[in-house]
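Residue numbers (the numbering used here), protein chains in the order written: chain G, -15 to 396; chain U, 9 to 525.
Just so you know, the hints here were simulated from the structure itself, not pulled from any lab data.
These numbers come from a predicted model, not from an experiment.
Take the hints with a grain of salt, since some may be wrong.
[What the hints assert, rightly or not] Under the rule of at most 20 Å between Cα atoms (straight-line distance), these lysine to aspartate or glutamate pairs were calculated in the DMTMM-like manner:
| id | chain 1 | residue 1 | chain 2 | residue 2 |
| --- | --- | --- | --- | --- |
| 1 | U | Lys356 | U | Glu121 |
| 2 | U | Lys393 | U | Asp451 |
| 3 | G | Lys21 | G | Asp292 |
| 4 | U | Lys393 | U | Glu41 |
| 5 | G | Lys332 | G | Glu86 |
| 6 | G | Lys332 | G | Asp123 |
| 7 | G | Lys185 | U | Glu280 |
| 8 | U | Lys419 | G | Asp106 |
| 9 | G | Lys185 | U | Asp498 |
| 10 | U | Lys264 | U | Asp286 |
| 11 | U | Lys322 | G | Glu61 |
| 12 | G | Lys185 | U | Asp286 |
| 13 | U | Lys356 | U | Glu41 |
| 14 | U | Lys202 | U | Glu99 |
| 15 | G | Lys185 | U | Glu510 |
| 16 | U | Lys346 | U | Asp307 |
| 17 | U | Lys202 | U | Glu299 |
| 18 | U | Lys419 | G | Asp123 |
The residues making up each chain are set out below.
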Amino acid sequence: MHAINRRDVLALGAAGLCAGLVKLGPAAWAATGAANKRLVVVFLRGAVDGLNIVVPHGEEAYYLARPTIAIPRPGSEMGAIDLDGHFGLHPALSALKPFWDERSLAFVQASGSPDITRSHFDAQDYMESGTPGRKTTADGWMNRLLTQLPGPHAPTSALSFGPTLPRIMAGPASIANVPLGRAATAQLPLDRPLINAAFDKLYASNDSLSRAYQEGIASHKKVMTDLQTEMMEADNGAPSAIGFAQDTEHLARLITQNPAVELAFFALGGWDTHVNQGAAEGQLAQRLKPLGEGLAGLAKGLGPSYRDTVILVVSEFGRTVHENGNRGTDHGHGNVMWVMGGPVSGGKVYGAWPGLAGEDLYEGRDLPITTDFRSVVKSILAAHLNLNTDQAEAVLPGAPAATGDITALIGT
Amino acid sequence: MTTSAALARNISDRLGFGPRPGDLAAITHMGAERWIEQQLHPQSIPLSRDLTARLADMPALSLTPFEALRTYGPAAARGPDGKVDPERQKELRVQARFIPAQAVEARLVRAVESPRQLEEALVDFWFNHFNVFVGKGLDGLWITSYDEDAIRPHVLGRFRDLLGATAHHPAMLFYLDNWQNSAAGRPGARGAFKGLNENYARELMELHTLGVDGGYSQDDIIALARILTGWGFGGRGGDGPGGMETAPRPPRERLKLARQIRQTGGFIFSEERHDFSDKTFLGHTIKGRGEAEGDDALDILALHPATARHISFKLAQYFLADTPEPAVVDGMSRTFQKSGGDITAVLKALFASKAFLDPAGYGTKFKTPLRYAVSAVRATGQPLKNFRPLVGVLTQLGQAPYACQTPDGYKCTEDAWLNADAMTRRITFAIALCAGRLPLQSDPPDKPLPIRQSQRVADQAAQQMENAPVRGPAVDAAQLAETLGQHFSDNTRAAIDAAQPELRASLMLGGPEFMRC
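When you get a sec, could you build the whole thing from the sequences and use the hints?
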């Protein structure tokens, strides 16, 4: 599988060398994007407090455990937005409520990695390698996923937003980096034909540097073309978005311009709220708001493509049920996963809810995990991306299959 | 043993940030062994008068955490009514921007210009090993002190000293939250200091010493956290955030604390928040008796066989190969244990190892962005008058100084840094540098940027590299080739020869041989 991808990419790279790459327009890539199904993963690094995102407002234990940081009950001032009578949404995520109402947004409560680590680094590593407890896995599950999706792949089949390649995307299949913010559309000296030709000679072979170079040039051209074409049409004098919203706007454009895009990944930091977490307002709320708005903007920007897109939001583990002495929360265990998109059977909080009473808690302090995050991913792989059992096993070796209501998470 | 040109290039690249003009000839003349020995004793190498004067002109480098907090922290913004004035606080924040700015400037200027190259590489290594993030609150005030006082003096000394210095530094205590770590039920444990915080204790074992597979349990983490209760910092007589008091104290108590702060520059141990019960830590019984318990724990950790192995592996990975041969790491670990954690001895074992001297290994390690950008500027022979363009490219490449948010620090492996985007960005930088487009010789802007402006810095760098006017002379390709020891593959050589003269230097610095070390 790897060999085929590599050859495709190299073939495109070589074609690019001859054509100077400048002539390749959107049409040149359209043919490679037969799949038209997409998965976008957003990783909240630092362990976000899922109990304040999908709030169990129907439980007294929640309010007893969190005297200063609980989200008030729906109907109170700055209260949670009721979802199903038992759970409510953090008010800073109001931008996402319409998607819940139209049933394209779901949550999986009490989910996470079966590994018991409370270390950010290990837990992120496991969630990105897709092999909890096994440190020796060299590649990330999204990279393995790309190799399992039907080819041929373009250099822009998988997009990683941000300056460095994250663990989840590491591996043999080629990934395009999209710089964050305005830098995504900056012109490079390498766009000049003479300079381009000279460097092409240095990196014309098949070693790791040459491959990275060739892929970089090809994806840069493609991204530039798509963003610029669309931007001139779409901007119409409006001020451009900033932060995460700008990046999701870029992603929406790249997808609508280029059907080859199948996978995309974002990471957002700043969720490790040990101190002064806040409740309906405050530190966590300030971070949730742009996240919710960015996701809503992505869904809107995708237009009809939203029908074929699943957006998955994950974090390495949850936080303690009880607030700590600093009005924050410490490293915990179970968390909530967010699943959004046209194919999702939304409007429902999935997973077996264990409750927050003392005897129900993991090690007496944390939300237990009743759904392995990998089984949620697996149900997306099967029902949305049409992978068969063997292919899903190659992406997430040894992972349990979806059980219970998770099997119905993606509508068919 | 005579020193080949290839060996000279290898040690210049690996022990430091690559050759400046004339460096390879000097190493060959001196002999590799002697050059390495000299690098292991940096005080024996004089700094230039320019560099010394420039560093002396940076007041932030000698600012203690206590002074920085007292002058620029929230307590300094208190009005006569005792309340913090938000306007005044904003002003102070802007004023304090010179601290991180000078930290970055000092780090980059030394990397480019200091002849003590191994020392600079080790500051990079150890800072990342004991990483703190400049963007986390008060750490912006303390970043220079952390680098100058906790890291730099110990990079070639005893590991135990380095460990102790970081463990006592307010920048680390704040970054990993130990300043709030308190024993419930003690008189000082209230307000923001209510309970146990395991964060630092965990990373102290997982990242700083034993390593994640070093054989400790959750119980050991809790024991270590209890041992470290009360380790914090103070300012203006209190031990709260920004020098705010946790509780009124009797005058004698205040005097005692004030004396302690003046002595340590910031660290204080709060008996009122410490857990005085006995603990069992990694199989040892630690008698509850105060601050000394923490020193016992650090002793145990610093000399633990798992620590010897973890540190040796990381050093070998930094200086030798992403996946160093186990035999080399074994040898270094033995030296670590025999020498009681003498870093110089461990490095000597590495630099004298067969694997390190094997020419088959030369030029096989993909440079980190920092190594790449600094080595490129060094190769051109320019002094670094204006460090801003270098910060720009490092931000673009994802390795801005002091900006790694996570406690594991920046990685040094190809996995972490080689990707499609990195190649085009490095080449873009090489082209701009060689064309004289980077304003490295301009006066540096006198207004330091706020810490969290990385997006703007990266944007500016992108614009500069493409659109800025030519500011300085283009880099001379023939001289550059000489500086680099004519170390090019046949393919690179052919591409250079075939290119227009004004592109040749950028093909050298943007070519595959220069991407590796």
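Consistency of the hints with the structure:
Between Lys356 of chain U and Glu121 of chain U the CA atoms are separated by roughly 24 Å; this puts the pair beyond 20 Å, and the hint is violated. The straight-line distance between the Cα atoms of Lys393 of chain U and Asp451 of chain U is roughly 7 Å, inside the 20 Å bound, and the hint therefore holds. Between Lys21 of chain G and Asp292 of chain G the CA atoms are separated by roughly 5 Å; this keeps the pair inside 20 Å, and the hint holds. Restraint check: the Cα-Cα separation between Lys393 of chain U and Glu41 of chain U comes to about 32 Å, which exceeds 20 Å; the hinted pair is violated.
The hinted pair formed by Lys332 of chain G and Glu86 of chain G meets the criterion: a straight-line CA distance of about 11 Å does not exceed 20 Å. The suggested pairing of Lys332 of chain G with Asp123 of chain G is violated, with an alpha-carbon distance near 33 Å, which exceeds 20 Å. The suggested pairing of Lys185 of chain G with Glu280 of chain U is violated, with an alpha-carbon distance near 68 Å, which exceeds 20 Å. Taking the CA atoms of Lys419 of chain U and Asp106 of chain G, the gap is about 15 Å. The hint holds against a cut of 20 Å.
Using a Cα cut-off of 20 Å, the hinted pair Lys185 of chain G and Asp498 of chain U holds, with the two alpha carbons roughly 12 Å apart. Taking the CA atoms of Lys264 of chain U and Asp286 of chain U, the gap is about 26 Å. The hint is violated against a cut of 20 Å. For the given pair, Lys322 of chain U sits about 53 Å from Glu61 of chain G by alpha-carbon distance, which is inconsistent with the 20 Å threshold. As the CA atoms of Lys185 of chain G and Asp286 of chain U are separated by approximately 68 Å, the hinted pair breaks the 20 Å bound.
With a C-alpha separation of about 10 Å, the suggested pairing of Lys356 of chain U with Glu41 of chain U holds against the 20 Å cut-off. Distance restraint check for Lys202 of chain U and Glu99 of chain U: the Cα-Cα separation of roughly 32 Å exceeds the 20 Å cut-off, and the hinted pair is therefore not satisfied. As the CA atoms of Lys185 of chain G and Glu510 of chain U are separated by approximately 16 Å, the hinted pair is consistent with the 20 Å bound. A distance of roughly 15 Å separates the Cα atoms of Lys346 of chain U and Asp307 of chain U; the hinted pair therefore holds under the 20 Å criterion.
Restraint check: the Cα-Cα separation between Lys202 of chain U and Glu299 of chain U comes to about 19 Å, which is no more than 20 Å; the hinted pair holds. With a C-alpha separation of about 16 Å, the suggested pair Lys419 of chain U and Asp123 of chain G falls inside the 20 Å cut-off, and the hint holds.
Violated hints, in rising order: 1, 4, 6, 7, 10, 11, 12 and 14; the structure is consistent with all others.
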